[in-house]
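Chemist: So you can see what is in the structure, the chains are spelled out below.
2 protein chains.
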Amino acid sequence: MSTTLAPGPVYRADRTRVTELNQRELERFAAHTGRSKALLDRARKVMPAGTPMSWMAGYYMHPQLYVAGGEGARFFDVDGNAYVDMNVADLSATLGYGIPAVEEAMVRQFRNGAHYLLPTEDAVVAADSLGRLMGLPFWQFTLAASGANTEIMRIARHITGRRKLIVFEGKYHGHIEETLVKFDGERVVPEYQGLSGRRSEDTIILPFNDLDAVAAALESREVALVLTEPALTNCSLVLPDPGYLEGLRRITAETGTMLCIDESHTFSFAYGGLTRLWNLESDFITLGKGLGSGLAFAAYGMTDAIGDHVEKHLDILHRRPGIGLGGTLYGNALSMACARAVLEHVLTEDAFNRISALGSRMADGIDAICRDLDLPCRAFRIGPRSGLCLTPELPRNYAEARLSMDLDMLDARRVFMANRGYWDCIVSAGPQASFAHGKEDIDGYVDLMHEFMNNIK
Amino acid sequence: MSTTLAPGPVYRADRTRVTELNQRELERFAAHTGRSKALLDRARKVMPAGTPMSWMAGYYMHPQLYVAGGEGARFFDVDGNAYVDMNVADLSATLGYGIPAVEEAMVRQFRNGAHYLLPTEDAVVAADSLGRLMGLPFWQFTLAASGANTEIMRIARHITGRRKLIVFEGKYHGHIEETLVKFDGERVVPEYQGLSGRRSEDTIILPFNDLDAVAAALESREVALVLTEPALTNCSLVLPDPGYLEGLRRITAETGTMLCIDESHTFSFAYGGLTRLWNLESDFITLGKGLGSGLAFAAYGMTDAIGDHVEKHLDILHRRPGIGLGGTLYGNALSMACARAVLEHVLTEDAFNRISALGSRMADGIDAICRDLDLPCRAFRIGPRSGLCLTPELPRNYAEARLSMDLDMLDARRVFMANRGYWDCIVSAGPQASFAHGKEDIDGYVDLMHEFMNNIK
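Residue numbers (our numbering), protein chains in the order written: chain A, 1 to 457; chain B, 1 to 457.
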């Protein structure tokens, strides 16, 4: 299904040097994380893999770390080691730890009541702010982007009367049965174990940046929703071709298909997300991860027509079944107070300009490493996000992007960085300048990447 | 499918008096909620139905209220009216508003970092506490019971290699496609609009308290999981027959089927939930709604064997697909700090004894109303939970329980109560003594119920 043409030759560091470095760094890592090891032994008696959600143990290969605290974009493990997180908690804390404006709102609201199962004025203000920022007028709130995308699917299915869904290879849209899928060469199957498989049948997976493939799939008018990030962010980075997202908007509109732009990650790329930066149009926008505050809330926006439809198909408890939306804690007063504070005080245009400049600085530094070490590589760059692209040209889809995900090298880099006070939280996403990073954090990271690449070339 | 035999004659209040009272009370309600009305007009321009999640507008028939603050088990609307919530935010705030021990933990952790995507010692302590309290040794954390039940289903399907699920009529287990279903007389279909319908095919719905029906459904060995509340709490109240839950444990074990006891609501009925009170055995236990703290977190417990299985089938990012568990904010440090504080400082055996005494006082008061007004009715009673049962005998299943859900009467009661400072949050669940109620709150509510029933008999 995917194109197998590589965007130029792929750089592969020396395997022996990568393996040896990784081994050396793992030994060094173990030597200064003894208290984490002791806590893991205790934790494994009460939680699978010793973690409160088992995936925390599954995204890196070195021994488990336990955290004692944090400050800015830095956290401290129980052995007293400090780490600058270069993708703070997978962007869920990209605003930085302990932001006073959010703390103030959180404490005030907690004292007044975290949740009433009734709306507060904060919700009105937050929805209004989001509308002005993102360009879609109606908003709903959930606890995570998974919940937002679930509701968007239900609304789209109800409006269109269709069942199918299109997503793109390299996507991640939350822990939803329909989107936790892959194409196995013949058909769409669950991507993880334990999934029912039933709803995989409704999902179509296509390569990103291939409008013809989407147009062909939309022809039968069976697709309710096209769900996509504006740039793929979970498999290194894939930017849309010029006109691609506009084309998606056009062909979805022509075929009565709804389009959702999932900005759970890309919201942090630019003020108002890529939607505002690129002036995108869509039926729905998804936002997640507490907009980077570290709190659990998410949101989705919709057009006037969809907002009106949702209001007309409200579920009336025990009287009239409506569209299946909501959860007891969705839109709780605490999360709405924090959302308002984040939007009013933290996510300013100035702050985005600052992190974009840091992102450019990081990308420039990575490009300089490639020149200096004569690597046939280049930097990823968009706003605060950068990273090392292992091909001379940027990838246009997942098949090309995965060439830059040299897992052995990334594992070695992660533990190399960790031993020197930097944390590559998710090796396949980031590094990214957070709202709490300074120039010295970025420069230190680039210096270490230079040293690392020099060690393994 | 359900038995249609009523547990004795059903009491129905005079329809004319109910309708007239409801109309009078609605006029009175509108007269003192002018600011809520003004805020609704503003809110409807940015959120469907003017609420941050539309179901907030769908569980009552009077105009929308907007909340300005709260204290204890009381909230204040934007017009300055106060309400004692008799089922605080659908039990999600049943510990009461602004609990100092939780605030202290929340603020400390927020300053130290709300989320690292790495575990903290609080998680180990909270999991250990839950294990000792509930009797299952291994724990995982999510943001809501919906997420917990989703993961339980995935684990059960993976372990058993089977796909089907049994739930019981009158159930609610979260906003999951498989459980948002009903039996339409011929087959299982989605309960709400916009659901895909695919996964309904895997769900079997049976009446509660009918072991023979479960045994028959388990015979084919196709069922992965039986998911049940220990008492049905979302359709007034249905208690299990003596031996029913023990029988469920026996026949599920005999047929290699997993059993999950969903204590999202019933955790608040007794110290250690009904699992501890009744010494129940199961493979999984679900807990939800931040254990009543108002914060968004949930948990599930599992046996040794299951914990071991989960650890062995961990998802290793980009390397080995495991069971599809986790979400970026699941088990975040902020929620783990709050969970620990709630378990250590708030959910004490003494506190449960206190609310159980209040629950008995309420049930005694309701029984006295029935005698005094000569109604062929009685109180529901279990721990802090009570309510008015409209049949002389208690219901044994949903078909019988729904007889007590006289929606017209309940709508009238809700607005009658609201006009007098009491809030029947969810008319089909509660009233229930919260950790923040005092005797005077309970007595005031019972007095009003007496007046209300006298008005409509």
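Check before you lean on any hint, since a few could be wrong.
Note that identical chains are pooled: a pair holds if it fits in a single copy or bridges any two copies.
[Unchecked claim] Under the rule of at most 27 Å between Cα atoms (straight-line distance), these lysine-lysine pairs were calculated in the DSS-like manner:
no.: 1; residue 1: 312; residue 2: 182
no.: 2; residue 1: 312; residue 2: 45
no.: 3; residue 1: 45; residue 2: 457
no.: 4; residue 1: 37; residue 2: 182
no.: 5; residue 1: 312; residue 2: 37
no.: 6; residue 1: 439; residue 2: 312
The hints are simulated quantities; they were obtained by calculation from the structure and are not laboratory data.
Chemist: Could you run down the list of hints and mark each one as holding or not?
Modeler: For each hint, the structure was consulted:
1. With identical chains, the CA atoms of residue 312 and residue 182 are at most 27 Å apart between copies only, with a shortest distance of 22 Å across copies and 36 Å within one.
2. Taking identical chains as interchangeable, the C-alpha atoms of residue 312 and residue 45 lie at most 27 Å apart only when they sit on different chains, with a minimum of 14 Å there against 50 Å within one chain.
3. For the homomeric pair residue 45 and residue 457, neither the shortest alpha-carbon distance inside one copy (42 Å) nor that between copies (58 Å) is at most 27 Å.
4. Taking the closest pair of Cα atoms, residue 37 and residue 182 never come within 27 Å of each other, the shortest separation being 35 Å inside a single copy and 48 Å across copies.
5. Taking the closest pair of Cα atoms, residue 312 and residue 37 come within 27 Å of each other only across two copies (19 Å); inside a single copy the shortest separation is 55 Å, beyond that limit.
6. In the homo-oligomer, the alpha carbons of residue 439 and residue 312 never lie at most 27 Å apart, since the shortest distance is 51 Å inside one protomer and 42 Å across protomers.
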